[in-house]
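Participant: As a plain string of letters, each chain reads:
Number of protein chains: 2
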Amino acid sequence: MSGDTGMKKSSNVVWHQGLVTREMRERQNGHKSVILWFTGLSGSGKSTLAHAVEKRLHEEFNCATYVFDGDNVRHGLCSDLGFTEEDRRENIRRIGEMVKLFLDAGVISLTAFISPFRQDRQRVRDLVGEGDFVEIYCKASLEVCEQRDVKGLYKRARAGEIPNFTGISSPYEEPENPELVVETGSLPLEACVDQVIDYLQNHGDLPRLRGHEQQRAVAAG
Amino acid sequence: MSGDTGMKKSSNVVWHQGLVTREMRERQNGHKSVILWFTGLSGSGKSTLAHAVEKRLHEEFNCATYVFDGDNVRHGLCSDLGFTEEDRRENIRRIGEMVKLFLDAGVISLTAFISPFRQDRQRVRDLVGEGDFVEIYCKASLEVCEQRDVKGLYKRARAGEIPNFTGISSPYEEPENPELVVETGSLPLEACVDQVIDYLQNHGDLPRLRGHEQQRAVAAG
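Here the protein sequences come in this chain order: H and X.
Residue 1 is where the first sequence starts when you use this note's numbering, and the numbers rise one by one after that.
Residue 1 is where the second sequence starts when you use this note's numbering, and the numbers rise one by one after that.
No lab work stands behind these hints, which were simulated from the structure alone.
Watch out, some of these pointers could steer you wrong.
In silico SDA-like cross-links for lysine to any residue, where the CA-CA straight-line distance does not exceed 20 Å [unchecked claim]: (1) K55(H) - E23(X); (2) K32(X) - G204(X); (3) K55(X) - T21(H); (4) K32(X) - K55(X); (5) K55(H) - R22(X); (6) K32(H) - D126(H); (7) K155(H) - F165(H); (8) K55(X) - M24(H); (9) K55(H) - T21(X); (10) K55(H) - R25(X); (11) K32(H) - D194(H); (12) K32(H) - Q28(X); (13) K155(H) - I168(H); (14) K32(X) - H58(H); (15) K55(H) - M24(X); (16) K55(H) - L103(X); (17) K32(H) - L127(H).
All chains, please: the whole structure from these sequences, using the hints.
Facilitator: Structural data, given as structure tokens:
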């Protein structure tokens, strides 16, 4: 008796497991899944860049995408974690494990976390596999980030109100061999977005543009 | 100066944040996102049913789907957790927070965890919101599950080798008002799949079938 035709009561026949694979999802979506791991100081523009890239991928390339940042992860999956070195490690570990599932689900994941430690980023890279992990260094000097101070965090960190603040009282370890360095400290947003999109196109991760989408892309370019 | 046209060095202008919303993703996918939460004893057929439903949703309805079960969660995101009551709670909490993001990403999530405690399932329901949570009770008696004992776990649990084993040394709290009860202990797999698909169709979660897809569905039915 075949497992997928049925099951008699009390029999121990195992039901047939019909799997949908990553390849099947990628074919359905018309593009590869990949993890775009944005890293950089607080205020360097990771989250803004990630969302802008996502919007372009969604609107012009019709991609399945998702952005992970402090807003939707720190208050949810990692709400039990603080900012000690150990907790930051666990934070990045869980995010790595989660985006691995999004990768398997065929989604282009864009993560926007400071992720200051080289070893943690390497761990995620090892976890998800080399070709699937695109490390994007959002390069902006501490001076620029501190001058922007969008959320007023640097001021509070300088006043000693925030312990373990990256760049002030906790180190940021620059990526040594990131797939991409984006000068978010000096370039306009659209130029930064172009750089990420170009990378993905050059690596065959995006669908070929068709018809009006192509026209829109040309017009936008 | 508008945020999305660029940014001067050292200025503290906030970049424009272009958001892709859940509604935009659902429109792109052509179906609503939802969480199908399968619950039931070990051996009741949760995982098999979830995978079979996923396959149908992928092949016949072209849906974005993903199945979560012990294989891809217990060894990853929750690898630091054991099976005490507290750890099971945290396990379900993390899964709940993760599938909430998949929901937001437009994906139909199918979870296959024993999730024995009513309170934990209620917590996930509260977390993701009423209309987005479909609790599916995979109903099979302990006798049937123990007789199947596909993985030999019941035998080991009876021998005292596995502590806190649901149904043997730890309680399973039956759902009181699940959206769906599927008699996985006695019905053939395809009948169980039909029941879940019917539910989704009746609640408007699935795209209307078109052309050859419809023919295939009719032929399959």
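Participant: It remains to establish, for every hint, whether it holds in the given structure.
Facilitator: Okay, the hints, checked on the actual structure:
For a cut-off of 20 Å, the pair hint linking K55(H) to E23(X) stands: about 14 Å separates their Cα positions. This hinted pair checks out: K32(X) and G204(X) have alpha carbons roughly 8 Å apart, not beyond 20 Å. Between K55(X) and T21(H), the direct Cα distance comes to roughly 10 Å. Compliance with the 20 Å bound is thereby established for this hinted pair. This hinted pair checks out: K32(X) and K55(X) have alpha carbons roughly 17 Å apart, not beyond 20 Å.
About 13 Å separates the Cα atoms of K55(H) and R22(X), which keeps this hinted pair within 20 Å; it holds. Straight-line distance between C-alpha atoms of K32(H) and D126(H) comes to about 19 Å, which keeps the hinted pair within the 20 Å bound. Restraint check for K155(H) and F165(H): satisfied, since their Cα atoms lie roughly 11 Å apart, inside the 20 Å limit. Simply put, K55(X) and M24(H) have alpha-carbon atoms about 10 Å apart, close enough for the 20 Å limit, and the pair holds.
Distance restraint check for K55(H) and T21(X): the Cα-Cα separation of roughly 10 Å lies within the 20 Å cut-off, and the hinted pair is therefore satisfied. Of the pairs offered as hints, the one joining K55(H) and R25(X) holds, with about 11 Å between alpha carbons and a cut-off of 20 Å not exceeded. Restraint check for K32(H) and D194(H): satisfied, since their Cα atoms lie roughly 19 Å apart, inside the 20 Å limit. Restraint check for K32(H) and Q28(X): the C-alpha separation of about 17 Å stays at or below 20 Å, so the hint holds.
Taking the CA atoms of K155(H) and I168(H), the gap is near 10 Å; set against the 20 Å cutoff, the hint holds. Distance restraint check for K32(X) and H58(H): the Cα-Cα separation of roughly 17 Å lies within the 20 Å cut-off, and the hinted pair is therefore satisfied. A hinted pair counts as satisfied when its Cα atoms are at most 20 Å apart, and K55(H) with M24(X) qualifies at roughly 10 Å. Note on K55(H) and L103(X): the hinted pairing holds, with a Cα-Cα distance of about 18 Å set against a maximum of 20 Å.
A distance of roughly 18 Å separates the Cα atoms of K32(H) and L127(H); the hinted pair therefore holds under the 20 Å criterion.
No hint from the list above goes unmet by this structure.
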